[in-house]
Amino acid sequence: MSTAMNFGTKSFKPRPPDKGAFPLDHFGECSAFKERFMECLRNSDYESSACRQHAKAYLQCRMERRQLMANEPLEKLGFKDLTDDTSEAKSEK
Amino acid sequence: VVPGETALAFYKAKNPTDKPIIGISTYNVIPFEAGQYFNKIQCFCFEEQRLNPQEEVDMPVFFYIDPEFAEDPKMAKVNLITLSYTFFEAKEGQKLPLPGYQ
Chain A
28 MSTAMNFGTK SFKPRPPDKG AFPLDHFGEC SAFKERFMEC LRNSDYESSA CRQHAKAYLQ
88 CRMERRQLMA NEPLEKLGFK DLTDDTSEAK SEK
Chain B
1095 VVPGETALAF YKAKNPTDKP IIGISTYNVI PFEAGQYFNK IQCFCFEEQR LNPQEEVDMP
1155 VFFYIDPEFA EDPKMAKVNL ITLSYTFFEA KEGQKLPLPG YQ
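In the order they appear, the protein sequences are chains A and B. Numbers 28 to 120, taken from the working numbering, label the letters of the first sequence in order. Numbers 1095 to 1196, taken from the working numbering, label the letters of the second sequence in order.
None of these hints come from the bench; they were simulated from the model. Everything hinted at is true.
Listing some non-contacts, in silico: residues in chain B with all C-beta distances to chain A over 12 Å: (1) P1110; (2) T1111; (3) D1112; (4) K1113; (5) E1162; (6) F1163; (7) A1164; (8) E1165; (9) P1167; (10) M1169; (11) A1170; (12) K1171; (13) V1172; (14) E1183.
Between beta-carbon pairs, the in silico distance windows are: (15) Y73(A) to A1184(B): 27 to 35 Å; (16) Y73(A) to F1182(B): 23 to 31 Å; (17) E74(A) to K1106(B): 20 to 28 Å; (18) F54(A) to V1172(B): 37 to 45 Å; (19) S71(A) to P1161(B): 15 to 23 Å; (20) A77(A) to D1160(B): 16 to 24 Å; (21) Q87(A) to N1146(B): 24 to 32 Å; (22) P1114(B) to D108(A): 38 to 46 Å; (23) E102(A) to V1095(B): 17 to 25 Å; (24) Y73(A) to G1098(B): 15 to 23 Å.
All C-beta atoms, glycine included, are put in the ideal place defined by N, C-alpha and C.
Using the sequences and the hints given, assemble the complete structure.
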């Protein structure tokens, strides 16, 4: 598909993912969360920032079913600002 | 996608045959120079994945673009980065001991 003409520059070395591979969600346990995320993207012109709550919810779904994702604190996954918001909302109530 | 912000993307794969297929995928980033800024936190790649006959699954990729991308003058004109995956068949129908699956 791509024929990168490398003029002597460093070659593209695929790197493995930092936290390893996602096991497949064979039973679609988190499909509902994925659908909500995709719907959010469609509604926000595919702007990723607008749908981070949904992305977070999807990953939380995976973590709750331990075979689908190892438990990680949400801050380490780049959702620190969203976790602060939820705790603020809780204290306002 | 904002450099430095984690993002989620989904691909979908289907096995249209009547036999289970074990596949393994590798990825490519276009433009080539943007590849060094593409960081995968977690994805479905590099490990063999089994798809049962007629099975269709969502394949997520959780990633971020290195914030240094925004500082690189060579990337100034890059508005679109395309991530593509190619699946290769590992061994058709072979039963693999997949950790975590019972």
